Amino acid sequence: MDENYSLNLTNMADDDLKEIFLKMNREQLATIRDMSYYYLFSNTLELINLMANGKLLVEFSLNKDEEEKILKACKEIVKLFEEYHGNISKGDGNEKIESLTHLREELYDLYIALYGYEIEIAYIKEMYEYEIYKWSWNEPHEEFISRDIVHIVHRIEEVLNSNKLNHYAFVDLVSSILSVIPFRLSKYKYFDVLKTTLIRNYINHPVYIVVDQMERYKMIFNSRLVGNYGVLFDSYFAQIQKYNSLSLKDRPWKELEVDLGQVNQLFYEISKLRILIQNLGVITNRLIALFLSLEKITPDTRLMDYFEKWIQVKEEKDEESLRTFIEESDKYLMEKEKELLDRANDFEDIIHELTSRETAINDHINNDIRYTRKILIYYNDLNFSKYEALFPKSYEIIGEDYLKHLIDNLIQYIDRSIPSMDSLERKVRMRRLLASIELPFNNIGEFLSFVEYSLDSKIVNKGELVFSIEMIRQILDSYDNHEERH
Numbered sequence: 004m005d006e007n008y009s010l011n012l013t014n015m016a017d018d019d020l021k022e023i024f025l026k027m028n029r030e031q032l033a034t035i036r037d038m039s040y041y042y043l044f045s046n047t048l049e050l051i052n053l054m055a056n057g058k059l060l061v062e063f064s065l066n067k068d069e070e071e072k073i074l075k076a077c078k079e080i081v082k083l084f085e086e087y088h089g090n091i092s093k094g095d096g097n098e099k100i101e102s103l104t105h106l107r108e109e110l111y112d113l114y115i116a117l118y119g120y121e122i123e124i125a126y127i128k129e130m131y132e133y134e135i136y137k138w139s140w141n142e143p144h145e146e147f148i149s150r151d152i153v154h155i156v157h158r159i160e161e162v163l164n165s166n167k168l169n170h171y172a173f174v175d176l177v178s179s180i181l182s183v184i185p186f187r188l189s190k191y192k193y194f195d196v197l198k199t200t201l202i203r204n205y206i207n208h209p210v211y212i213v214v215d216q217m218e219r220y221k222m223i224f225n226s227r228l229v230g231n232y233g234v235l236f237d238s239y240f241a242q243i244q245k246y247n248s249l250s251l252k253d254r255p256w257k258e259l260e261v262d263l264g265q266v267n268q269l270f271y272e273i274s275k276l277r278i279l280i281q282n283l284g285v286i287t288n289r290l291i292a293l294f295l296s297l298e299k300i301t302p303d304t305r306l307m308d309y310f311e312k313w314i315q316v317k318e319e320k321d322e323e324s325l326r327t328f329i330e331e332s333d334k335y336l337m338e339k340e341k342e343l344l345d346r347a348n349d350f351e352d353i354i355h356e357l358t359s360r361e362t363a364i365n366d367h368i369n370n371d372i373r374y375t376r377k378i379l380i381y382y383n384d385l386n387f388s389k390y391e392a393l394f395p396k397s398y399e400i401i402g403e404d405y406l407k408h409l410i411d412n413l414i415q416y417i418d419r420s421i422p423s424m425d426s427l428e429r430k431v432r433m434r435r436l437l438a439s440i441e442l443p444f445n446n447i448g449e450f451l452s453f454v455e456y457s458l459d460s461k462i463v464n465k466g467e468l469v470f471s472i473e474m475i476r477q478i479l480d481s482y483d484n485h486e487e488r489h
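Residue numbers for the sequence shown follow the working numbering, beginning at 4 and rising by one.
Calculated directly from the structure, the hints in this document are not laboratory data.
Here the structure is a predicted model, which means the values were calculated and not measured.
Honestly, I wouldn't trust all of these hints.
[Said to hold, decoys possible] Quick list of the computed label-pair ranges, beta carbon to beta carbon:
(1) Arg360 x Lys275: 47 to 57 Å
(2) Asp175 x Glu298: 37 to 47 Å
(3) Met424 x Leu306: 53 to 63 Å
(4) Ser64 x Met474: 28 to 38 Å
(5) Leu442 x Asn386: 12 to 22 Å
(6) Lys389 x Ser102: 14 to 24 Å
Built from N, CA and C at the ideal position, the CB exists for glycine as well.
Start from the sequences and build out the full structure, keeping to the hints where you can.
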């Protein structure tokens, strides 16, 4: 849409505005459909190839039922993608969307269980690394002087100030530093920081976002008490329990090294399986988007013809052809994504103008807007979120009393979990949760004071201090290098 056209929206007659909206909405839906299609074209072929070669699940510790469940989901995805190319009635389309929604729920249960295991094995990994690093802290270190701490705090301030306008980089830098400095907050001060920060961060958010995020924080702190932890993937549960039950104190360095190698392997295996399930979830989302598009726009004969290539690659099972067609499909996908982005602002301007006019908006227009957004929500859900978080029943903004209640509930959950943990585990978990919350503390000055307090050479072991400062330097160097490259 050119500038003059955009400026004339406010002067346009209702009927003309509605006509433009309906035309652009069809174009948007067609683009999202094409994006979904090209994504599914390459990803379903990848799935078929991995299943045919027996490589999909070979590296994971799964029992027969778990393996069959995942393979069944993969086959269902492929089958439904094939069926999209048939003559589908509205009733058949709704039935397939229902099947996919059910499949999505099953995949989400697997995903969230693995996410919990990944969190727990990551804590074990971090505690093993801490105990191994401690051996080096007992070695002689160069004389440590207080100006080293002053210098590193000053450098943190400089890098933070240089990233003030880049919110993502600023938040990431604070989180990264919090994740490596010694943890020296008392339990009650920690709870006070949590409560103050979370009230500030969520006071103007919808209820559904706050509820979902508080549950996520519970998982980050301690996954063992939420969801279906211990119910699914019994092999991973048993292995995590084994390492959880081992005392790390006074273990010989060599034993810790051997165990850490096994813990690392378990961490990467669980993480890789979690990513696989997440990717299956994203594929399912986009297959739902594809079927949803059928209600508003007819299938494109060009895509139907393109499907012949899919059949050809599937039957030939030739690796070179597979790579060629996947690259081609990915290229088309990027072109369509650019097309959508180029038109997004114009489309939003039209929606904004329509919704501002009581005389122009009607149920038909409203339904079209909601339907397009629903398809986009599915398409854009790369994190594989809980269904209720994608499509909440209400967008009501949270009240202060209810927000405080949810935060108090989180704090009580943490407080109940702490007694079963030793000192190291408690500190590691409290530190990681703090680092996962956006911008704890009220301002840069308060954050820098906390860093300086955490690096107190009178309290903290000299070896740990040297190690922490070196970790901070590496983080700051990575930001300096990033700025130089850009």
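Among all the numbered hints in the text so far, which are the ones the structure does not match?
-> Hint check: nothing fails, all pass.
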